[in-house]
Amino acid sequence: MRNANPWKAAVAAGVLALVAACGSGGGTHDGGVAEQRSVGKGEGRVDIIAWAGYAEDGSNDPKADWVHPFEKQTGCKVNTKTAGTSDEMVSLMKTGQYDTVSASGDATLRLIAAGDVAPVNTRLVPNYRDIFSGLKMRPFNSKDGKMYGIPHGRGANLLMYRTDKVSPAPDSWKAVFDGAAKYAGKVTAYDSPIYIADAALYLMKTRPALGIKDPYALDRTQLNASVALLKKQRQQIGEYWSEYQKEVTAFKGGDSVLGTTWQVIANTAAAEKAPVKAVLPKEGATGWSDTWMVSAKAAHPNCAYKWLNWIVSPKVNAQVAEYFGEAPANRKACKETADPRHCDVYHADDESYYRRVHFWTTPVPQCLDGRKNVKCTDYAEWTRAWTEIKG
Amino acid sequence: MSATNHEPRTRGRLAALLAPPLLWLVLAYLGSLAVLLLSAFWTTDPFTSDVVHTWTTDNFRDILTTPVYRTVALRTLGIAVAVTLLDALLALPMAFFMARVAAGRLRRALLVAVLTPLWAGYLVKAYAWRVMLGEHGIVNAALAPLGLHGPGYGTAAVVLVLAYLWLPYMILPVQAALERLPAHQLEASADLGAGTVRTLRSVVAPAVRPALLAGSVFTFSLSLGDYLTVQIVGGRTQLLGNVIGSQVTLDLPLAAALSAVPVALVVCYLAAVRRAGALDSL
Chain H
381 MRNANPWKAA
391 VAAGVLALVA
401 ACGSGGGTHD
411 GGVAEQRSVG
421 KGEGRVDIIA
431 WAGYAEDGSN
441 DPKADWVHPF
451 EKQTGCKVNT
461 KTAGTSDEMV
471 SLMKTGQYDT
481 VSASGDATLR
491 LIAAGDVAPV
501 NTRLVPNYRD
511 IFSGLKMRPF
521 NSKDGKMYGI
531 PHGRGANLLM
541 YRTDKVSPAP
551 DSWKAVFDGA
561 AKYAGKVTAY
571 DSPIYIADAA
581 LYLMKTRPAL
591 GIKDPYALDR
601 TQLNASVALL
611 KKQRQQIGEY
621 WSEYQKEVTA
631 FKGGDSVLGT
641 TWQVIANTAA
651 AEKAPVKAVL
661 PKEGATGWSD
671 TWMVSAKAAH
681 PNCAYKWLNW
691 IVSPKVNAQV
701 AEYFGEAPAN
711 RKACKETADP
721 RHCDVYHADD
731 ESYYRRVHFW
741 TTPVPQCLDG
751 RKNVKCTDYA
761 EWTRAWTEIK
771 G
Chain G
328 MSATNHEPRT
338 RGRLAALLAP
348 PLLWLVLAYL
358 GSLAVLLLSA
368 FWTTDPFTSD
378 VVHTWTTDNF
388 RDILTTPVYR
398 TVALRTLGIA
408 VAVTLLDALL
418 ALPMAFFMAR
428 VAAGRLRRAL
438 LVAVLTPLWA
448 GYLVKAYAWR
458 VMLGEHGIVN
468 AALAPLGLHG
478 PGYGTAAVVL
488 VLAYLWLPYM
498 ILPVQAALER
508 LPAHQLEASA
518 DLGAGTVRTL
528 RSVVAPAVRP
538 ALLAGSVFTF
548 SLSLGDYLTV
558 QIVGGRTQLL
568 GNVIGSQVTL
578 DLPLAAALSA
588 VPVALVVCYL
598 AAVRRAGALD
608 SL
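Protein chains in written order, with our numbering: chain H, 381 to 771; chain G, 328 to 609.
Source of the hints: derived by calculation from the structure; they are not laboratory data.
Just so it is clear, CB atoms sit at the ideal spot from N, CA and C, and this is done for glycine as well.
One or more hints might be untrue.
[Said to hold, decoys possible] So these bits of chain G aren't anywhere near chain H, every CB distance computed over 12 Å: (1) R336; (2) P347; (3) F424; (4) S516; (5) L527; (6) V531; (7) Q574; (8) V594.
[Said to hold, decoys possible] Computed footprint of chain G on chain H; a stretch qualifies when at least three of its residues, placed anywhere within it, have a C-beta under 8 Å from a C-beta of chain G: (9) 470 to 478; (10) 612 to 622; (11) 631 to 638.
Take the sequences, apply the hints, and build the full model.
What follows is the structure in structure tokens.
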């Protein structure tokens, strides 16, 4: 038994060398990580990082189970790690112990830049064909013309209000910024540095002199203006929310009457008899679009590709989208939802709706709006700014 | 006396018995603290958030020069002090009643009542308070007839909920100290003509002080490190724990440097308590 270990180590080292050799061969882009050429037999296991609700195995709700059927069909045993925030996902992916991750746009570029994820060969994911074209080759899920993942679903950060407390009905983000004093102490906002983009979006429409073209590409002056607006807003904030149940109870109890939300929160609150309504304001909105990415160091790449294809297959994509409360990525999923109106409610195939949505993107020093003469503020600066805003 | 007379064999056994837990303490606990402190002197790659191992004191300079960190640190300290004072005020009469007035079944019932909340989950209790403190919660409903309004979500709610959560840690040592107080000392005090106030000041207070300080170590340090209660009932406020939490995956060295602040505060507090002599009786 004792002298088995050196053998094991030697074999492992050999495999590693082989993987490294394969990994560096044929990589043409700067990351140096090559995409996969074919999907072979499954490795019997796949390690996943997912948002809560994305990889359900029936343990939370017996009706929500798309993990066991996958295991049965592919022989890949699913090992899920649920992450609470984008930052957590990034740090988990850095360990190299996971094969795939359901990353939002505020994590994807960081993962690509660090070389933690590999480009995805979309030809190996047959269901990619049916993904809405509005989700393909976007700045937050591709780089240099290569897809770095398979789109999963999307949603907008809407403006929700209590119909009995807020009148007239708001149609602009002005209600939570310049007009927030009217509902002082009852306004809510999303508790994350990425919320700075919501202020930037509002300034983009109301103060054109600032020259904001993309709410995720802010130079120092533009960031300062957004921070100033959010500091002013803080005076009227009752509480910030990051956990969706917290916002449901706040609107139900009347502690919050106005603020940013997700469709799923509006639906849940309305189902629990809270008089709420959610709108996409005239300025448009920020939003999120999640992408299943594959680790550059995936130990089970074949199973990871099988999972990618499974999770965006029409039936499963419909199940996830309905369970989580988002627009599915696969156009054929709209025919599979239990509620036939699901895709209408979430505007799944309404590209004109999503043209008004600026999906979360990681702010980086190279301005995403193409400006070359100025350096933009990065996510670390946004995080420090957010701490300062909350005071 | 007997401690110095151990046979070498007994001593060897004792060492063998104590070595694993001591090793565990040094490696796992002090070791991780040392790593934490060490990483505070590193820096990160701004985009990929990978830790870069170059020696710098920038993180500490940032913490000392950025006003918001000072504000948050002072707020956290203030809340910890307020929670400790509130718990002391609540625990003293409660513990006195349990130890010296109530007897038999009532005393046992009170002890169970103090201990039971410790069995319920932290989050359950915090969320229960969130419901009670809400706009249409029971607190506002109870205060409405008096024309008053509850504190709502915010700093006051955080103090209230933390004081509730840590109260048993204050009551139990104080109650134990009061129970140990010999009845004849109180009688002697009365015999010598001391009134209630004088007895409380000269007999009861010296006996209770170490227990009170020991309890305050719990309430103070637990409040200093809390970051969940403030998310649930804190409204728009943030504490040191939240700031550390927001940095930990993004800028580990800065988070480590920030963590040094509550560590330093707790060490200072422990030193002060030790000087006051409260740790001698432990």
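Now the hints, each set against the structure:
1. R336: The assertion about R336/G holds, with a minimum of 33 Å to chain H.
2. P347: holds (24 Å)
3. F424: The claim holds: F424/G sits with its nearest Cβ about 36 Å from chain H, beyond 12 Å.
4. S516: holds (51 Å)
5. L527: holds (42 Å)
6. V531: holds (43 Å)
7. Q574: violated (7 Å)
8. V594: holds (25 Å)
9. 470 to 478: Since 3 is at least three, the answer is holds.
10. 612 to 622: It holds: at least three residues are needed, and the region 612 to 622 of chain H offers 6 whose Cβ sits within less than 8 Å of chain G.
11. 631 to 638: holds (count 3)
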